[in-house]
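The task is simple: from the sequences and hints, build the whole structure.
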Amino acid sequence: MLFNSLDFFIFLPIVFVLYWFIFYKKLQIQNFFILTASYIFYGLWDWRFLFLILASTLVDFFVGKAIHSSDTNRMRKSWLWVSIIFNIGLLGFFKYYNFFIGSWVDFLSFFGYELKSTWTLQIILPVGISFYTFQTMSYSLDIYYKRLTPTKNFIAFATFVSFFPQLVAGPIERASNLLSQITTKRLFNYIQCTEGLKLILWGLFKKVVIADSIAPIVDDIFANYSDYPASTLILGVSLFSFQVYGDFSGYSDIAIGTAKLFGIELMSNFKFPTFSRNVAEYWQRWHVSLSTWFRHYVYIPLGGNRVGKLKSIRNIIIIFLVSGFWHGANWTFIIWGAIHALLYIPVFLMGRNRIYMNTVVAENKWFPSIKEIAQILLTFSLVTFSRVFFRSESISDAFGFLQQICSDFTYKNYQHPLGYRMIDYFILLGIFILYEFRIRRDERSPFKFKSRITRFLAYTLVILGMLLFFDDNIDRSFIYFQF
Amino acid sequence: MKKLILKSVLYAFLILITLEGLVRVFHLGKDTPTRFLDEHKVEKWKPNQNGFSVTGNRRQNFSEYHINTSGFNSYREFNPTKEKTEIALVGDSFIEGFHQNYYNSIGKKIEKSIPEIEVYEYGYAGYDFADQLHLTHAYKEQFLLIDHIILGIKFSNDLNRGEYDVVNSRLALESPMNKLLKKSKLLVYAKSIGILDPPQELVYRIISIIKSKPKKKPIDELEASRIKEANEKKYLANFENLISKYGYDKQRYTLLLDSRITSTFFLSYLEKNDFNYIDFASSFEASDRPTTLIYDRHWNNHGRELIAQLISKYINKKQLKSGQ
Chain A
1 MLFNSLDFFI
11 FLPIVFVLYW
21 FIFYKKLQIQ
31 NFFILTASYI
41 FYGLWDWRFL
51 FLILASTLVD
61 FFVGKAIHSS
71 DTNRMRKSWL
81 WVSIIFNIGL
91 LGFFKYYNFF
101 IGSWVDFLSF
111 FGYELKSTWT
121 LQIILPVGIS
131 FYTFQTMSYS
141 LDIYYKRLTP
151 TKNFIAFATF
161 VSFFPQLVAG
171 PIERASNLLS
181 QITTKRLFNY
191 IQCTEGLKLI
201 LWGLFKKVVI
211 ADSIAPIVDD
221 IFANYSDYPA
231 STLILGVSLF
241 SFQVYGDFSG
251 YSDIAIGTAK
261 LFGIELMSNF
271 KFPTFSRNVA
281 EYWQRWHVSL
291 STWFRHYVYI
301 PLGGNRVGKL
311 KSIRNIIIIF
321 LVSGFWHGAN
331 WTFIIWGAIH
341 ALLYIPVFLM
351 GRNRIYMNTV
361 VAENKWFPSI
371 KEIAQILLTF
381 SLVTFSRVFF
391 RSESISDAFG
401 FLQQICSDFT
411 YKNYQHPLGY
421 RMIDYFILLG
431 IFILYEFRIR
441 RDERSPFKFK
451 SRITRFLAYT
461 LVILGMLLFF
471 DDNIDRSFIY
481 FQF
Chain B
1 MKKLILKSVL
11 YAFLILITLE
21 GLVRVFHLGK
31 DTPTRFLDEH
41 KVEKWKPNQN
51 GFSVTGNRRQ
61 NFSEYHINTS
71 GFNSYREFNP
81 TKEKTEIALV
91 GDSFIEGFHQ
101 NYYNSIGKKI
111 EKSIPEIEVY
121 EYGYAGYDFA
131 DQLHLTHAYK
141 EQFLLIDHII
151 LGIKFSNDLN
161 RGEYDVVNSR
171 LALESPMNKL
181 LKKSKLLVYA
191 KSIGILDPPQ
201 ELVYRIISII
211 KSKPKKKPID
221 ELEASRIKEA
231 NEKKYLANFE
241 NLISKYGYDK
251 QRYTLLLDSR
261 ITSTFFLSYL
271 EKNDFNYIDF
281 ASSFEASDRP
291 TTLIYDRHWN
301 NHGRELIAQL
311 ISKYINKKQL
321 KSGQ
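Going down the list, the sequences are from chains A and B. Residue numbers for the first sequence follow the numbering used here, so the first one is 1 and each next one is one higher. Residue numbers for the second sequence follow the numbering used here, so the first one is 1 and each next one is one higher.
If you are wondering where the hints come from, they were derived from the structure by calculation, not from laboratory data. Glycine residues also receive a C-beta, built at the ideal position from the N, C-alpha and C atoms. There may be inaccurate statements among the hints.
[What the hints assert, rightly or not] If you want the footprint, here are the derived chain A segments under chain B, 3+ residues with CB under 8 Å:
#1 189–202
#2 454–460
#3 466–472
Right, here's the structure in full:
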């Protein structure tokens, strides 16, 4: 069930009304109802994969208990490995099995051993598997690191794993934030609900108006890159940057907004990464839940930056490569991760990786300085360059794309494949960037206007935007569902 | 909770009203002229209406129409006389031309090319061959004064019936309910860009679940070719039936068709029986520019230009200009 589908717009009000009018009296009932709704939500995609979620839930529920009750460190570690092997095993089989087999066959053929790839399987990738396996693992890891005591309430734990607003594409929550809310009775809060509705509206705008309307242009340019000059290819990959941002941050906003309707606060996942002043700041603002997951459970256990310079660099390379690989079973994602590692390391070595941690661009000012604009443009360009690999189907396509930019460095007017005026999109993106700049201080309040009339006009214009850019014929699924 | 529900309803209502206003101000929704059935049981537009036809979101295509006193989209009135030379173009939405300003229609383009003649465009969306011949028959006196009549025909679409009958499903679009719904430009716009398709599909889905229909058997190649052959025979029989019932003057009547989508069986029938036709296939194929709109299969300005050129050439060849 997609957030931008009619099914969801029928499902959500029904669940909301039942939740607050019928199943609100007891915490256990609230949780059981949310759990049922979440399983229905997921089961409508493919009910068979509910067993995977259930298995992952059962394993970590009992592993968490076992880790907690183990007397020795060795036992604790052994139980932790059970969780890691099970969850990574699930991921490995469903997401990476064919990739490993294919890569092995390619590797052998490089040395002259021709092998027919008869071991590959027709495997369907279960939606959201990368997200919920990481979420359940975080529970066992937190218990192992003694940051958390295991819950005795299985229903609450199962609800934590499968909470439908964030089940299929995050934010990847940690038990310390989400499970603690699930084990506390939720009370209806008017302000929280209206904030949720506003976030849903803004998320839909980003998805329908920004991401979906740009998608046909990006698809066309990447599919036919050899026919286009550099100007068009640069336009294509730049638009992809906005598409993927609109798509994923739109999804996250809808997820956070929906959770608010049920009295749950999820963590922020995007904090206006477009306005990042260097790559380190970008990673503090882009897909925050995944970056923090890797920081807490991979980077810091490896020693983080408290080890020597060389080891720190090794740790940075590891987390970016793993992060790239997490996105998909394709070498393009690994190269994408490697590029980010290469972009991050100089910033780290210069000691500038934490300087923008708690500030926003043009802090206490109306406009950014020339220096800030230059920094933002440079960061955007570097990140956008890496997205050639993120978006391309294969490495040869990615290099072909870059080669075409270099070999045909000319400008030519680009015609929209569906006949729309291109100027509409440039105006749209211009307005979008200015508006995001205006609201850059608080990603959770997209309609923060004192005047009620201004607020009303903003809602109306956002809906008008959806009416103007809605296209019935395009694929409306979310990009990150494939991960 | 009560406050949330009340405020949500109020906001939704106010936003809808504002959006209705904005859609009207920016003219995003199309105007639809009113249909009617005249005393000869000919379906046409109510005379003397003006408006704008809009396609797609953000006014991808925006054109003005003008329904004349005869009930068709044209910049001129239809007053045929013996003295003047007139050409009638009869057909469906392609001839009707709501996708182009009425003052830049195919007829107008032909008149620019041959100033001595008047072109009357009897185009109406959905007209098939039965509608066309019924029209020429019902307004026989008028059509007898017209020097030449060109009938647009799509073999696989326009010969589904062998006799004219009023198409009630089209006229049902003028039901009080539909008229009321059309008053909301926001609704018209939302429908035209497909926002209302998912709820409609949902209703159909529910209906199909309730009324579970037996699954259609897959058709093999042999069966498909047998069906095609039977259809071709049926279409030809319908063609013959229609021309014998309503009359067809081979000297004055010409068919306008695209041989790429016309059965060779029908084309050889036309040639064998001396039916004149203008085939625009090769002209469209040779064009270095698109001939149809990107978001719509109707002819664009260039396509219309090519059609006008072909008709003008045909008229010149036939020496139909006055005094010739």
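Outcome of the hint check:
1. 189–202: holds (count 4)
2. 454–460: As far as the region 454–460 of chain A goes, the hint holds, because 3 residues have Cβ atoms under 8 Å from chain B.
3. 466–472: Coverage by chain B holds for the region 466–472 of chain A (6 residues, Cβ < 8 Å).
No hint from the list above goes unmet by this structure.
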